[in-house]
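A.B. asks: So the chains spell out like this:
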Amino acid sequence: MTVETQRKLADLNVMVAGQGGDGSLTVANLLGVVLGRRGFRMYTARDVASRIKGGHAAALMRGSIAPRGCMGDALDLLVAFDDEAVERGGPWLAEDGFVVFDASGGPAPREYLPEGATVFEIPFARLAVRDLRRDLFKNSLGFGVVSRILSVGDDEAADVLTQRFAHLRRQVADANLRALEAGFAYADENGLTAGSGPWALDSAPNSDRILISGNEAVAVGFLVAGGRFFTGYPITPASEILSFLERRLPAFGGVAIQAEDELAAVNMAIGAAMTGTRSMTATSGPGISLMQEGVSHLGSAEIPLVVVDCQRSGPSTGMPTKPEQSDINMLVHGGNGDFPRIVLSPSTPTDCFHLAAAASNLAQRIQGPVYLILDQAVSQDSVTVEPFDLGSVELAPGKRLDADDVAQLGEYRRYLVTDDGVSPWAVPGTPGGMNLVTGNERNEWGHVATGAANRVTMLDKRMRKIDLVRADLPLAHRWGDPEAEAGMIGIGLELGAMEEATERLAAAGVAISGLQPRTLWPVLDETIEFVRAHERVYVVEHNAEGQLVHLIASVGAPHERLRSVLKYDGVPFRPGELAGRILEAEGAAS
Amino acid sequence: MTATYPPATPIWCAGCGHFGVQAVMLAAMRDLGIPAHEVMVLAGIGCSGTIQNNLGTYGYHALHGRVLPTATGVHLANPDLTVIATGGDGDGYAIGMGHLVHTFRRNPSFTYVIMNNGVYGLTKGQNSPTYQSEGAALDFDAVSLGLSISSTTFVARGFARWTDQLHRLTVAALEHARAGRGFAFLEVLSPCVTYNDTYPVWEATLDDLDARESYDPSSRAGAFSAVSELADEGRMAVGLIYRNGARANGELARPAAEDVRPDRHAAAYADLMATFRVRSGD
Chain A
1 MTVETQRKLA DLNVMVAGQG GDGSLTVANL LGVVLGRRGF RMYTARDVAS RIKGGHAAAL
61 MRGSIAPRGC MGDALDLLVA FDDEAVERGG PWLAEDGFVV FDASGGPAPR EYLPEGATVF
121 EIPFARLAVR DLRRDLFKNS LGFGVVSRIL SVGDDEAADV LTQRFAHLRR QVADANLRAL
181 EAGFAYADEN GLTAGSGPWA LDSAPNSDRI LISGNEAVAV GFLVAGGRFF TGYPITPASE
241 ILSFLERRLP AFGGVAIQAE DELAAVNMAI GAAMTGTRSM TATSGPGISL MQEGVSHLGS
301 AEIPLVVVDC QRSGPSTGMP TKPEQSDINM LVHGGNGDFP RIVLSPSTPT DCFHLAAAAS
361 NLAQRIQGPV YLILDQAVSQ DSVTVEPFDL GSVELAPGKR LDADDVAQLG EYRRYLVTDD
421 GVSPWAVPGT PGGMNLVTGN ERNEWGHVAT GAANRVTMLD KRMRKIDLVR ADLPLAHRWG
481 DPEAEAGMIG IGLELGAMEE ATERLAAAGV AISGLQPRTL WPVLDETIEF VRAHERVYVV
541 EHNAEGQLVH LIASVGAPHE RLRSVLKYDG VPFRPGELAG RILEAEGAAS
Chain B
591 MTATYPPATP IWCAGCGHFG VQAVMLAAMR DLGIPAHEVM VLAGIGCSGT IQNNLGTYGY
651 HALHGRVLPT ATGVHLANPD LTVIATGGDG DGYAIGMGHL VHTFRRNPSF TYVIMNNGVY
711 GLTKGQNSPT YQSEGAALDF DAVSLGLSIS STTFVARGFA RWTDQLHRLT VAALEHARAG
771 RGFAFLEVLS PCVTYNDTYP VWEATLDDLD ARESYDPSSR AGAFSAVSEL ADEGRMAVGL
831 IYRNGARANG ELARPAAEDV RPDRHAAAYA DLMATFRVRS GD
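Residue numbers (my numbering), protein chains in the order written: chain A, 1 to 590; chain B, 591 to 872.
Everything labelled a hint here was simulated from the structure, so no lab data went into it. Hints may contain errors.
[Unchecked claim] Taking CB as the label site, the calculated pair distances span:
(1) B:Ala858 - A:Leu468: 29 to 35 angstroms
(2) B:Leu616 - A:Val456: 31 to 37 angstroms
(3) A:Ser243 - B:Tyr789: 34 to 40 angstroms
(4) A:Glu485 - B:Arg854: 50 to 56 angstroms
[As the list claims (entries may be wrong)] Which stretches of chain A does chain B cover? Using the computed rule of at least three CB atoms under 8 angstroms from a CB of chain B, they are:
(5) 60-71
(6) 122-132
(7) 471-480
[Claimed, not checked] If the Cβ cut is set under 8 angstroms, some of the chain A residues that face chain B in the computed set are:
(8) Val34
(9) Gly36
(10) Arg209
(11) Glu260
(12) Thr384
Glycine included, each C-beta is placed from N, C-alpha and C at the ideal position.
Please build the complete structure, drawing on both the sequences and the hints.
C.D. replies: Have a look at this one:
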């Protein structure tokens with residue numbers, strides 16, 4: 001059995017690729033505007049080499065009327081500025097796909113393309129240099145051909161281009177228009193007449209939407225939830241959070257600082273957090289490894305901090321620009337000693353916004369570490385979503401004491417043992433609230449104490465804090481048919497492919513019920529219940545060890561029902577690919 | 591008056607140099623009239639890393655080697671606090687060495703009192719990077735390191751036994767940082783009587799720059815020259831070695847004092863959101 005690939009022009013998958021500096025993004029951006037005007041939603045990804053500049057770069061873009069959270073099965077259109085672009089994009093091209101190829105250096109290498117593909121070979125660069133004296137104008141030329149394929153009117157294409165280059169010098173803008181017209185002329189010669197190309201774009205009512213990445217959404221959520229101190233050390237794929245907050249935090253009285261390494265980053269954040277400032281740091285797996293001592297210290301010393309892990313392919317330096325979900329074990333179990341921690345797992349940018357805000361509040365309430373676990377695709381891919389509901393964010397201050405509160409007390413003990421485990425907290429600068437904060441085991445005053453009874457009392461007190469917030473931990477996102485025999489569980493980048501695969505499977509007669517846990521640790525009862533409620537549960541994850549499936553099994557989910565669906569090649573699932581894997585397994589199960 | 595933690599009794603051996611450091615720190619805070627609740631003392635790991643328990647201020651026990659980034663975070667989040675980082679040579683010159691360079695470079699306005707005794711006392715006497723089998727001058731000299739970084743603004747060295755000078759240096763360091771002039775680095779030669787009793791050798795070979803009438807601590811070249819010449823003779827400089835009054839931080843943000851209620855910033859947040867809008871018109 002195979003799964004039908006859905007290909008309509010209500011859903012268009014495009015790759016624009018060339019050497020870094022070719023301006024691949026320009027064509028993608030122009031096309032994005034055309035699609036946006038028709039009410040398409042966008043899912044955009046980059047496929048870049050891990051190097052400073054140049055190297056091969058591809059802009060991947062999916063425009064769809066339906067909201068989608070991943071690239072589709074196949075590329076409908078490949079705009080290739082060199083042979084390598086064909087070599088890389090060709091295998092993804094649909095049987096009846098279109099290729100617009102810059103033939104300045106010779107014909108397209110057909111061996112990488114499906115037989116049914118339609119190829120337009122145009123010496124873009126040569127024409128651009130000959131007639132307009134600049135290689136970069138080849139992008140506008142290419143856009144002219146693309147707009148004819150999609151039956152976009154010439155006037156509209158010119159309008160989009162004019163607006164796009166409105167900020168440039170007049171001569172440059174005019175040259176781009178001439179390049180566009182040269183593209184039209186070429187199209188005319190090759191039978192692509194104005195307004196009647198082989199494809200036409202659907203349209204849908206438009207609304208006020210945003211295009212945002214998960215990293216940006218995390219930064220916005222942190223800010224809106226009162227975050228005012230951020231520190232980070234540059235690392236792919238987390239750096240956008242640092243650069244965004246460096247630009248934006250100062251206007252809100254906040255500070256974002258680039259540390260000398262991840263050890264400094266987590267400890268600077270610890271220092272800031274101790275002053276009562278809502279703080280966060282973000283990194284990827286290698287940085288999280290270096291921060292482990294700091295995170296266990298947060299748990300012991302009872303300091304609130306949000307730590308973001310934008311996972312990439314590991315171990316060690318691994319594949320820095322590729323997604324993976326192989327830090328789950330480290331976040332859930334890493335660090336020395338026993339300490340309370342929470343791990344939240346967002347998927348869409350909207351989810352990133354809300355869970356960043358939730359993480360900030362939870363950290364304050366438990367006075368301890370809260371991880372946000374993302375992956376490269378969630379972090380860096382940009383998605384069209386509805387504007388975030390800013391009004392939904394409320395601040396949970398946690399148990400804080402000001403000078404008046406302290407004055408009411410007969411005595412103030414920083415690590416007072418309480419029923420819920422949380423000790424009221426006076427931050428430095430509070431008159432009368434002087435206290436000692438330490439990662440040593442201590443008595444209520446904060447003095448080092450290693451007695452057996454005190455140790456148990458203090459450790460139990462700290463661990464109790466999770467119970468205080470358990471009922472408020474973010475619940476899972478669900479989709480599909482709740483009555484289905486088969487279930488599917490996955491986090492982060494898997495969600496888009498899982499939801500779409502569920503639709504495909506339903507069409508093929510296989511019902512699936514889906515669960516995206518948003519709290520990864522502690523594992524919530526709902527996750528165990530979900531496994532119990534289904535005969536077979538496919539746990540979809542990007543790692544080789546099955547870290548998520550083992551985590552779920554380790555807390556009591558019936559392991560005989562769990563099935564691993566693993567991928568660790570650095571490439572996200574395409575929906576048809578995932579549906580195929582499930583169908584195969586279901587075939588074996590029945 | 592609300593009772594808070596009782597200051598601890600020092601854990602140090604009789605004769606330890608750290609007693610002198612603690613005495614002058616308390617005296618300096620008293621001289622400058624700084625209320626205990628406005629002071630945060632951060633300490634590294636080691637014998638010196640217990641000093642914060644004995645003072646009655648806000649205190650924090652950092653991870654080993656990380657006292658400087660932590661203090662930087664405290665200072666940047668709340669520059670109204672008087673932040674004093676403390677620690678030993680194992681903490682500051684071995685595991686935490688990298689942070690020292692960057693703290694000189696960033697020049698945040700807090701004080702660092704590092705108690706140098708050449709050994710790891712708490713773990714029973716292993717050598718530290720400043721252990722010298724003979725002679726006084728250190729192979730690794732943090733004073734020269736500080737002078738070599740162009741953003742450095744304050745470098746001093748005291749000797750735990752010379753408490754009058756150490757008192758003056760501590761006051762000067764606190765004043766420098768509290769005035770927003772930058773990072774005040776004060777190394778205290780603070781002998782470990784149990785594992786590395788350097789009182790006699792230091793007492794015999796230290797050279798007090800404060801006592802030289804012609805010495806100008808505002809001259810970096812002069813400071814380098816004095817320190818280097820003494821080192822060539824197997825001696826070490828103490829005193830106010832370098833102070834550059836010209837640099838001062840500008841107005842600093844005060845994140846800890848910000849009103850962060852979302853309704854307070856609703857319009858600005860909405861504006862930020864709008865920068866991500868997909869404009870249907872273009």
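A.B. asks: With a cut-off of 8 angstroms on the beta carbons, see whether A:Gly36 makes it to chain B.
C.D. replies: holds (5 angstroms)
A.B. asks: Does the interface hint hold: is A:Val34 within less than 8 angstroms of chain B, judged Cβ to Cβ?
C.D. replies: violated (11 angstroms)
A.B. asks: Quick one: see if chain B covers the segment 471-480 of chain A, three-plus residues with Cβ-Cβ under 8 angstroms.
C.D. replies: violated (count 0)
A.B. asks: Going by Cβ atoms only, is A:Thr384 closer than 8 angstroms to chain B?
C.D. replies: The hint holds - A:Thr384 has a Cβ within 8 angstroms of chain B, the shortest such distance being about 6 angstroms.
A.B. asks: Is 50 to 56 angstroms respected by the C-beta to C-beta distance linking A:Glu485 and B:Arg854?
C.D. replies: holds (51 angstroms)
A.B. asks: Check whether three or more residues of the segment 60-71 of chain A sit with their beta carbon closer than 8 angstroms to a beta carbon of chain B.
C.D. replies: Result for this restraint: violated, n = 0.
A.B. asks: For the segment 122-132 of chain A, does the count of residues with a C-beta closer than 8 angstroms to a C-beta of chain B reach 3?
C.D. replies: violated (count 0)
A.B. asks: Using the beta carbons of B:Leu616 and A:Val456, state whether their distance is inside 31 to 37 angstroms or not.
C.D. replies: holds (36 angstroms)
A.B. asks: Once the shortest beta carbon distance from A:Glu260 to chain B is found, is it less than 8 angstroms?
C.D. replies: holds (4 angstroms)
A.B. asks: Next item in the hint list is A:Arg209. Is there a CB on chain B closer than 8 angstroms to its CB?
C.D. replies: holds (5 angstroms)
A.B. asks: Check the following: the C-beta atoms of A:Ser243 and B:Tyr789 are separated by a distance inside 34 to 40 angstroms.
C.D. replies: violated (52 angstroms)
A.B. asks: Is it true that B:Ala858 and A:Leu468 lie within 29 to 35 angstroms of each other by Cβ?
C.D. replies: holds (32 angstroms)
In this structure, the hints that do not hold are numbers 3, 5, 6, 7, 8, in rising order.
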